[in-house]
Amino acid sequence: KAGVTQTPRYLIKTRGQQVTLSCSPISGHRSVSWYQQTPGQGLQFLFEYFSETQRNKGNFPGRFSGRQFSNSRSEMNVSTLELGDSALYLCASRRTGTGGSYEQYFGPGTRLTVT
Amino acid sequence: AQSVTQPDIHITVSEGASLELRCNYSYGATPYLFWYVQSPGQGLQLLLKYFSGDTLVQGIKGFEAEFKRSQSSFNLRKPSVHWSDAAEYFCAVGAGPGTYKYIFGTGTRLKVLA
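Residue numbers (my numbering), protein chains in the order written: chain A, 1303 to 1417; chain B, 385 to 498.
Calculated from the structure, these hints are not laboratory results.
Don't take each hint at face value.
[Claimed, not checked] On the chain A side, residues computed to face chain B include the following (Cβ under 7 Å):
1. Leu1392
2. Glu1405
3. Pro1410
4. Gly1411
[As the list claims (entries may be wrong)] Facing chain B, from chain A, some residues (calculated, C-beta under 8 Å):
5. Ser1333
6. Ser1335
7. Gly1344
8. Leu1345
9. Phe1347
10. Glu1350
11. Asn1358
12. Tyr1404
13. Gln1406
14. Tyr1407
15. Phe1408
16. Gly1409
We put the beta carbon where it would ideally sit given N, CA and C, even for glycine.
Start from the sequences and build out the full structure, keeping to the hints where you can.
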């Protein structure tokens, strides 16, 4: 079974621009979460989506948003980019429903550099 | 609030030596605990998990971890380290009922000497 895939893997943007990152979960996984990883702050939770609904949100400004589609694929968007948004953005999926579990499986991440 | 502490930022061991990475958590009830490994430029790979039951859990790549409620610890161990184990290791705790958010520790970077 294919793992979590994220596109693009690398991205360079300029301050003030916006960016959209994409995540395709493992087949059958309907929950998708996003995390930001930086050297200074470590791994921080952004938000979780299940059945196209945001279930939880981390402590990030409104510039960070996301959505989930009916096929469970998810996108996150960051508007008005700041230098501090440079990070590795990780997507994780979780099996839900009968036989569902708590553990999450992570994709390889999208490395965003803001200049 | 839930939190995870990994006291060791860097650890260096010789190949073939045993390894123990420390993790302490703060959580009011029985926690869901995880260890992940991250190689440079890669995502996180799940090594093992603890939800309940037997306090010694086995994972992939020869790793194991022991849950000790009295010490609020979930240390990761491996009896004999291989050069390919060099990576960063993260301990995480589930944030609680109603959410599948993880709280991560700051990570321990493992270096393996040949």
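Going down the list of hints, with the structure as the test:
1. Leu1392: With a closest approach of 6 Å, the Leu1392/A hint holds.
2. Glu1405: holds (5 Å)
3. Pro1410: OK, holds: Pro1410/A within 7 Å of chain B, min 4 Å.
4. Gly1411: holds (5 Å)
5. Ser1333: holds (6 Å)
6. Ser1335: holds (7 Å)
7. Gly1344: Since chain B brings a Cβ to about 5 Å from Gly1344/A, closer than 8 Å, the hint holds.
8. Leu1345: holds (4 Å)
9. Phe1347: Given a least distance of 5 Å, the restraint on Phe1347/A holds.
10. Glu1350: At 6 Å from the nearest chain B Cβ, Glu1350/A passes the 8 Å test, so the hint holds.
11. Asn1358: Since the shortest Cβ distance to chain B is 5 Å, the answer is holds.
12. Tyr1404: holds (5 Å)
13. Gln1406: holds (7 Å)
14. Tyr1407: holds (6 Å)
15. Phe1408: Given a least distance of 4 Å, the restraint on Phe1408/A holds.
16. Gly1409: Holds, because the Cβ-Cβ distance from Gly1409/A to chain B comes to roughly 5 Å (cut-off 8 Å).
When the structure is compared with the earlier hints, no violation turns up for any of them.
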